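Chemist: By the working numbering, the letter at position 72 of the sequence shown is numbered 72, and the numbering carries on one by one without gaps.
All clues stand as given, with none of them false.
The list that follows gives simulated cross-link-like pairs (lysine to any residue, SDA-like), each with its CA atoms no further than 20 Å apart: (1) K31 with L10; (2) K44 with W80; (3) K58 with L11; (4) K119 with G74.
If you're looking for bench data, these hints aren't it; they were derived computationally from the structure. All values reported here derive from a predicted model rather than from experimental measurement.
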Amino acid sequence: MPHQQGYTTLLGKIGWRLITDATTLVCQILKARYFPHCLFLEAKLGRSHSFTWSGIHKTQGLLRKGVRWIVESGQDIQVWGCLWLNDDTNFYVETPLITGFDNMLVSDLFSHDTRYWDKDLIEVAFTE
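The task is simple: from the sequences and hints, build the whole structure.
Modeler: The following block contains the structure:
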């Protein structure tokens, strides 16, 4: 159905805008209403939602397949669960999550004095 494909493309573009530039009025309204405490790709559908939000939410899976974090400061990127590794076959950290490191951010993996990887912490966090 060409019409359905065009509709999905339009909703996917809105989803992409929610990821890359959430400063537009529409994006701010959607964020305030449907996912005020998380990022778009982490947002749940919820019980009371509009037809438009339902359609935008359905594009999350498609967007997840192509979206990757670019690590700058790493302050917004969780080590486990976010796509941030620069690897052609795997973008996730696959080592088991260690208790106490649940909310670790990529920025935590850097030595804050030198901005180089904190090799001691990485060895502890990623040794199976």
